[in-house]
Amino acid sequence: MKLEETMQQRPLAASCWQVATSLLACFLLSATEAAAQQPDLTGVWTTYNEPGQAAGGGRGGGPPLPLTDVAKRKIATYRALVEPTGDTPGGFCLGTGMPGSMLGSGGYPMEIHQRPEQIMIVYEAHNEVRRVYLGNRIVPEADRLPGRNGHSSGRWEGNTLVVETTHLVEQVDQRYAHSDRARIVERYHLEKGPKGESVLVADMTMTDPVFYTAPVTAVKKWAQVPNGHLLPYECAEEGWIKHLEELEKKAAGAAKESVR
Amino acid sequence: MKTIVLSSVLAVLACATLAAHHSAVQFDFGKSTAITGVVKKFIAINPHMQLVLHVKDAKGERDIAFEGHSTNNMYRAGYRDNLIKVGDTITVYVAPLKDGSDGGYVTAALTASGVRFGARSRAELEQERLKAEGQK
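Going down the list, the sequences are from chains P and U.
Every position in the first sequence, counted from 1, becomes a number in the working numbering once 33 is added.
Take the second sequence: its letter number 5 is residue -3 in the working numbering, and every next letter is one higher.
Take these hints with a grain of salt, some might be off.
Sample of chain P residues lacking proximity to chain U, with all beta carbon distances greater than 10 angstroms (derived) [to be verified]:
1) T118
2) M153
3) R164
4) N169
5) G191
6) H200
7) I274
8) K283
9) G286
Computed list of lysine-lysine pairs in PhoX-like fashion (alpha-carbon distance at most 20 angstroms, straight line) [unchecked claim]:
10) U/K33 with P/K282
11) P/K254 with P/K228
12) P/K275 with U/K32
13) U/K77 with U/K33
14) U/K90 with U/K51
15) U/K32 with U/K77
16) U/K32 with P/K282
17) P/K254 with P/K225
18) U/K33 with P/K275
19) U/K23 with U/K90
20) U/K123 with U/K23
21) U/K48 with U/K32
Just a sample of chain U residues kept apart from chain P, beta carbon distances all over 10 angstroms, derived [claimed, not checked]:
22) A16
23) A26
24) D49
25) D55
26) T81
27) L102
Since the hints were made in silico from the structure, they are not lab data.
Everything numeric in this text was worked out from a predicted model, so none of it was measured.
A virtual CB, placed ideally from N, CA and C, is assigned to each residue, including glycine.
The shape of chain U in the complex, shown without the other chains (with noise of 0.2 angstroms):
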């Protein structure tokens, strides 16, 4: 799988740029909930990513609407033209709905061609750090 690493750096920056441009209350970024389904609609724009998801999960079938980063910071985490096309099966990381409600803001994806782009969620830091501090 190739997988685009990114830095903490990239991460926090993104997060405080969310801050900056747009009320993000509904949303826990204390989390992060990975999500698969086959893509039915996707615009890569500004200030925020759109994105319609169909999923298959314990809840049923259904489509989820979620949205995201801006395009920028996605391609500057590794985003280009062309990674998500309608009919993909892909994987999005989301900080979710603080009522529990489908949907969420999505920070990373995993694309059907096997990249990975976006930020790390602080719950992934934190988990990384964790998981760091076991190794010592």
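Just chain P, with the same shape it has in the complex (with noise of 0.2 angstroms):
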């Protein structure tokens, strides 16, 4: 009996397996498919202009944003704070955050490291580093954090890279304010220049209902510099150096002091 049994089994054990390694290899030929369609963003890169365009990537300017009531009476309070002396959260070496960083990073340049379950975008100014995951690196939203540039999660769709940054904290310091409720996706994609240079296209949709009457969205391209390097940027380096040279004033002073 059991001589049958095995008998009978092995034809459909045989079965399952021929079965489960043609999906396995079906699975692995998609999943190499798809690795091969999505393009490779490592690489340092730097804002594009189009031909004929100002230097500066088109920032600032634009239509006026749909902003509620609420937002607009935060955003006034904030400005009549900062303006009359120029304030700015970069003047007190705050880096941008989102979207203010992937839009443009005050024209310095941005490095990404791209791998498959992880792309690190570093933009120079300040140091500002943006961690995207992916897959089962994503952080379950419960052990997530809020902070300038959000919790992001990727996904591939085809070539294009789908970032969706939630967990942001109100920013007002921003050319795009946003509450904490705001929802940022950026879809990112690769074309050719007109003189054959990779550019990095980044279409940008925020939607916020507490600052936002309608969704926001903003195009940023970016130029791929080939054998790019990233330079350092201490930025509380000056300040540091200027107390310093407070603190060897107050030496200075003291010790003559201390001689009458």
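Now that you have both chains on their own, put them together as the hints suggest.
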């Protein structure tokens, strides 16, 4: 009986094995094809300007944003505070935060390191870093902490990298101000410029029921810098040196006093 | 003289960068003034280079402190390590302070070895535009 069962099970097991192998092969093949579709964004990128476009990547300007009354009040209050002195977050060595970081980061270049499970974006200005997690690396919602760049989850749709950013803190100190309810979706794809150069195009859509009456969209283009390098940017160094100079002056003054 | 020719792209980009992270209300970026002096102090840092020049002019002899574009922007506009040393005689191109006092925001420099680095100011770009129009 046992023998019969075994004899009957063997063809079944063999069939199951064949099906499983085929499925695995299909999965691996499709995964390989998907990986082959995904472009490698690794490298250094700087602001791309369309031929004939003024330098600066079209920063600022544009149509007025569809701000809610709440947002208008908060932004007006903030501007009344800083306009007399011209203070900015960067003046205090604070990074731009999303979406300002992905829309230009003060005109400085950025560097992308791409792995299947995580993409690192380093913006030279203020050494601002974004981590885009993919697949199993995506942090569960309950374990995320809010911040100026929020939490970014990525996925590939063909050759387009789709990044969704949530868990942002309210920021009235950038052009695209937003509340902590903001949700930003970036869609990255590669194009070729007129000289055959690689251009990374980022289409951004931000929705925020507290700050905006309609989705806000923007496009940022980055040109690849062949064999480019980011430079160090220790923003706090200037303040530290000035602080030491002040301490030296005080110490010199104290020494003079003690001589008297 | 070895001259590093800079694109207007870089110039405007550098100005945009300045606006992005620094309060610049005290500087007049519509003007560009050339000031020559001996370097007493120079620190190539971000977000703003620090410079003290010993200057002799019609107002007398004194030390003037300047700040300027970030080292990173200057690097991409031709600056390299050791181009400026204490004791060098250099010329800086600055956006002067609006109140007319000593100092300013360094946008470019001509070093003792004849290397010019930095961005052309809006005033310089405007002068070049007018010159080009005059030549038409």
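The hints, checked one at a time:
no. : hint               : in the structure
1   : T118               : 6 angstroms, violated
2   : M153               : 20 angstroms, holds
3   : R164               : 23 angstroms, holds
4   : N169               : 36 angstroms, holds
5   : G191               : 33 angstroms, holds
6   : H200               : 25 angstroms, holds
7   : I274               : 6 angstroms, violated
8   : K283               : 19 angstroms, holds
9   : G286               : 19 angstroms, holds
10  : U/K33 with P/K282  : 16 angstroms, holds
11  : P/K254 with P/K228 : 15 angstroms, holds
12  : P/K275 with U/K32  : 16 angstroms, holds
13  : U/K77 with U/K33   : 8 angstroms, holds
14  : U/K90 with U/K51   : 18 angstroms, holds
15  : U/K32 with U/K77   : 9 angstroms, holds
16  : U/K32 with P/K282  : 17 angstroms, holds
17  : P/K254 with P/K225 : 11 angstroms, holds
18  : U/K33 with P/K275  : 13 angstroms, holds
19  : U/K23 with U/K90   : 10 angstroms, holds
20  : U/K123 with U/K23  : 16 angstroms, holds
21  : U/K48 with U/K32   : 13 angstroms, holds
22  : A16                : 7 angstroms, violated
23  : A26                : 24 angstroms, holds
24  : D49                : 26 angstroms, holds
25  : D55                : 14 angstroms, holds
26  : T81                : 24 angstroms, holds
27  : L102               : 23 angstroms, holds
In summary, the structure is inconsistent with hints 1, 7 and 22 from the numbered list given earlier, while agreeing with the others.
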